[in-house]
Each structure stands twice: as C-alpha cells, then as structure tokens.
Amino acid sequence: MNLICLGLNHQSAPVELRERFAVPDGLLGDEGAKLTELNDVAEGVVISTCNRMEIYVAVEDLELGSKVLRNYLEETRGLDHASAEHFYEKHSVEAAQHLCRVVSGLDSMVLGETEIFGQVKQAYKQALDKGATKGVLNRLFQKSFGVGKKVRTQTDIQRGQTSVGSVAVDLAEKIFGKLKDCSVMMIGAGEMGRTTSQSFMSRGAKELFVTNRSLDKAVDLAGSLGGTAVAFDEWEDVLAKVDVVVSSTGAQHPVLLAEHVQKVRRKRKYKPLFLIDIAVPRDIDPATGEIEEVYLYDMDQLQELAADARERRLEQVRICDEIIKEEVEKMLG
Amino acid sequence: MESVLITLASIVALIVTVMGARYVHVGERSQWTLPLMIVVFALQLSELGIRGEARAACPLMDIGEICIFAAWSLTMFYLMVGSVYRLSLLGVFTAPLVLVLMLAALVPGALDADPQPVSDHQGATAIHSALSVLSYGAFGLAAVSAVMFLVLDKQLKGGHPSTGLFRNLPPIHSLTQSVARLLFLGLILLSVGVIFGFTAAYEGGISNHLWLATAVWIGYLVLLSVWQFRGMPPRTFSITAVFLFVFSLVIFPLL
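Listed in order, the protein sequences are those of chains A and B. Under the working numbering, read the first sequence as residues 1 to 333, first letter to last. Under the working numbering, read the second sequence as residues 1 to 255, first letter to last.
Rather than coming from a laboratory, the hints here were simulated on the basis of the structure. As the structure is a computational prediction, the values presented were derived from the model and not from experiment. Here a beta-carbon is modelled for each residue, glycine too, at the ideal position from N, C-alpha and C. Warning: the hint list may mix true and false statements.
[As the list claims (entries may be wrong)] Quick list of the computed label-pair ranges, beta carbon to beta carbon:
#1 B/GLU28 / A/ASP181: 45 to 53 Å
#2 B/ARG22 / A/GLU326: 48 to 56 Å
#3 A/ASP30 / B/TRP32: 51 to 59 Å
#4 A/ALA287 / B/SER207: 30 to 38 Å
#5 A/ASP321 / B/HIS25: 47 to 55 Å
#6 A/ARG213 / B/GLU28: 44 to 52 Å
#7 B/ARG22 / A/SER224: 29 to 37 Å
#8 B/TRP32 / A/LYS67: 42 to 50 Å
#9 B/HIS25 / A/GLU60: 30 to 38 Å
#10 B/PHE229 / A/ALA287: 23 to 31 Å
#11 B/GLU28 / A/SER202: 43 to 51 Å
#12 B/VAL18 / A/GLY118: 58 to 66 Å
#13 A/ARG318 / B/GLY164: 19 to 27 Å
#14 B/ARG22 / A/ASP216: 52 to 60 Å
[Said to hold, decoys possible] Covered by chain B, according to a simulated footprint, are these stretches of chain A (three or more residues, beta-carbon under 8 Å):
#15 138-149
#16 167-175
#17 264-276
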C-alpha cells in the first residue's frame, strides 16, 4: 500500500484558491469516506483549515491514485490547469514526513503554533468515525501525533511568543503572575491596541477600561471587548486603579506623561504598572519608564522580542526535522 | 568528624550552586536542587546535633556554631516555603549563601575545637539566641528572594528579557509577596527572641548584642509597616530587605 498527500497551503496558494478547496469542519469525515469510494483508494483523510487543505490517501498504485484524486477534485471543485499548479503532491516517506511537519506546526504560518495539532486530530477522528481509515492511515496519524508531542517537548519550537500582543501578555504575566486580578486600560481605538487588549481579556484579565477621544468609539469598542468605556477626560483617574495600560492613539504628541503616573503613585501604593505603547508616534513619554515601579515597552521592543522568538523557532526547525526523519524511518521499519 | 560533615555540606551546596547556575543558563530547571538541599540540611542537622550534645544546650556559643545554625535555618526555610514558588530556582539562589556561611564555620578558630558544656545555662538566653538566629534564616531567605526580584526587575526594565534566567524566575508579584511574608515570619521570630533577650537581661544586664538585635527588629518593623500601610516601590523594598540582612550579618560578628 502506498501513501499520497495532495494539497495546498498558505505558501503555495492564495486565499481565494484555498477558499475554493476548503471543506467545512463538519464534513471532513464524509469527504474522507467519499474518497474511499474512488477507484484504487483504500483509505482517506481530509484536513482543512484556513491555511491548508490536504488529502491523505492510501492507494495501491501511486500513479493511478494520483490521477484518480485529481479527477475527483476536477469534478467536485473545478480543479483546472491554473489551480493545479498551486497543489503539491508527496508520496510515501515524503508524505509521512510532511504530515508530521504539519502536526508539529513546522508547516504553519506561525511556526510552532499548536492549534494545528487539534485540527488534524479532529479531521482524523471524523474520518475514523466514518470508517474512512484503516491500517495505513491509522498508523500514520497515530504516529504523527506522537511525533508532534515529541517535537514540542524535546525542542524549543514553542518557546517565546511571536506576535506583539502575545509578547505583551507574557510580559504582564511575568510581572503580575496570573492576570485574573489585573485591570487593563486601553487608550485609543487603534487596531493593534484592540488586538492586544483582546489578548489580555482572553488570558483572564479582570476588567478592561476603554477610553478614546470619541466616546462613541470607546463605547463600541468596550462593548465588543466586554469592557467599560471611560470619557477621555477621565482616564487619568482610572490610571490609579489599573495594572496595565495599552496605548494606541493616533496622537502626534505623548498622551501619557511621567507626571500623570507621579500623581497617582501614592494612591496606587507604588504597585507595579505595565505600560504598553504600540502607537507610532509614541503615546507614552519615555521618562515614564524611569519611575521605579513602571515597566514601559514600546512597539519596537515588543516587535524585537517577537522577532527573536521567531528566529529561535527557525533555529529549531533543523532539530525538529531530524526527529521527524528518525521517527518516520522507525515507523516504516 | 565535625569538619567532615561541614565540608561535605559545603561541597553539596557548591554542587547545587554550580549545577543550578548551569541549568539556569540554558533556561532549564534542575531537578537535583531540592534533593541536594535536603542532603545539605541533613548534614547541617547532624553537625548541630553533635555540637548540641557537647554543649548540652543550643549550639550558639561561638561564631562557627552561629554560622552553621544560620545556614541550617536558611536551608530549613527554603525547604519549608520554597514550594510556594519555583523550588529549584530559589534553591539555586539560596545555596551560595548557605555555602558562604558553612565556609565561614570552617575558618580556623571559628568553631571551638573542644566545646565545653554550658555551665550557667539560662533558658531565656538560649531561647533568645535560638529564635534570633532562626529569624535570620527567614530574613536571609527574604534577602535571597529580594535579589531574585532585583535580577528580574533589571531584566524587565532593560527591555531585553529573554535569557534562560528570565524564563525561570517567578513573577515580580510572587517574589515581592515572598519577601514580605518571609520578613513577617522573621519579624515574629525576632520579636519573641528579643522579648526573651530582655527577660534574660533583667537578671544579667543588657548586652550590645541585644541592643543591636532590637535595632534590627525596629528596622524590619518599620520596613514592613511602610510596605503594608503606606506602600513603597518594590525595588526600594527589596533593596532595603537585602541591606538590612547584610547589615545585621556583618555587624553582629564585629561586636
């Protein structure tokens, strides 16, 4: 029995094409079962996420199997010559190694991300439930999950955060520990600020205050993030009770000055204050960072930390590939 | 036999220090720190047992005994409260201090080679000495936590927090809480120790040591009161905790 992987991903195909070949979440098992009805295809699993659509099949004959699969996509999804160029096809060992790379997050847009592990597991489970998998794919997918776990535990592929928002939240946890007692204030309604504040809320921050020159915008944003809107002329009072400030206004001059913090230090009982300035030009006066209990990070610093983490993850890819190669060789005996 | 025990304890503390530092450098936590610190504790306890038997009292009669007792107390508090935060890393920071105290006990003349039983044994004095030295274990561990805070604070302030040490240090909040709790524990022990000191002094006169212990007690009381009621920047709090510990550690032997 031979193995074929036919698919496209964020590197090989634009989003319009990925959308065309995407399979809805609940239909992955059915799609796998349909594949097994094709001539020469014994087993089939379909993986479909926002960044990829991949078909894994066990076939008797590689050439025939490949042809059958492409015909199937032509009939069901309108695969033509132009779109076929965006597809990649891998056979046997290469296909097995590719699946392990996907499960380990090595083929993801954000290197080392973990979400893909669950997505592949879900796709496999659906195929299994529909009876679309047997000996070959069961063994391959089980092995790939084991390899994925090994790669994550034995290498640093997951170490550090690769997005500005996650870096900021990690730093906050290094200051405050768990964020369940943390209050966050967002100054301005910039997209980056919104994403960062959302990261804080999703990691369990206690409350969020949103302030903006336009109160309507603040109210809208606070509503969408589950926070409380504050009038722009009142944010200085809120400063006394928050632990984190995320600032992303479009102002040309600093909005938050050292004197604002100095004024509320006593009231805050000198508790640590984490200031995140993700505006350009900067919103927070750099002198604020000189106050003892204040930790100030601007966009450049956060981006640098995210880039460092990405670089470290890239360095780990070679080690991960060695583990995958070794494990696949072991599996194929 | 005694010097063998002290030397062994020092060697194990040195191993914890070196091994811990290497693990920290690569961003990992050593699983050996805790078991090795238990070995250090057992060795210290054996040595104190021998001295206690010889003295027929709490072994706090010479500089060497005080050093060993303080090192034992420090190790004990580490083993007791270390589980609140990252055990092995606190041990890595504690081990060097334990090592210094153990080495101080090895300095010729520090330990009385022929310890005699205490003839004018006074219960209040013994309790005063034991609790005072025990409180230094808590103050010492508070100082260790404070140093950990200062290291983390410097990395966070510097804007380049990505070293192995940074990854392994507990959050700022946990460290300052630990410092405060350990200081509070030390203050309670020292308070009782000072009270017993004055009880004993009622009969035998007030020594310079007791006045100094009282001054140290006031220092810690003021620090904790300001921290608790008025609030103070965590860095100032930590620096003061380290300063008070180093000050008391240095000044007592000089008197």
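Results for each hint:
no.: 1; hint: B/GLU28 / A/ASP181: 45 to 53 Å; verdict: 29 Å, violated
no.: 2; hint: B/ARG22 / A/GLU326: 48 to 56 Å; verdict: 27 Å, violated
no.: 3; hint: A/ASP30 / B/TRP32: 51 to 59 Å; verdict: 54 Å, holds
no.: 4; hint: A/ALA287 / B/SER207: 30 to 38 Å; verdict: 50 Å, violated
no.: 5; hint: A/ASP321 / B/HIS25: 47 to 55 Å; verdict: 26 Å, violated
no.: 6; hint: A/ARG213 / B/GLU28: 44 to 52 Å; verdict: 48 Å, holds
no.: 7; hint: B/ARG22 / A/SER224: 29 to 37 Å; verdict: 49 Å, violated
no.: 8; hint: B/TRP32 / A/LYS67: 42 to 50 Å; verdict: 60 Å, violated
no.: 9; hint: B/HIS25 / A/GLU60: 30 to 38 Å; verdict: 54 Å, violated
no.: 10; hint: B/PHE229 / A/ALA287: 23 to 31 Å; verdict: 29 Å, holds
no.: 11; hint: B/GLU28 / A/SER202: 43 to 51 Å; verdict: 29 Å, violated
no.: 12; hint: B/VAL18 / A/GLY118: 58 to 66 Å; verdict: 42 Å, violated
no.: 13; hint: A/ARG318 / B/GLY164: 19 to 27 Å; verdict: 21 Å, holds
no.: 14; hint: B/ARG22 / A/ASP216: 52 to 60 Å; verdict: 57 Å, holds
no.: 15; hint: 138-149; verdict: violated (count 0)
no.: 16; hint: 167-175; verdict: holds (count 4)
no.: 17; hint: 264-276; verdict: holds (count 6)
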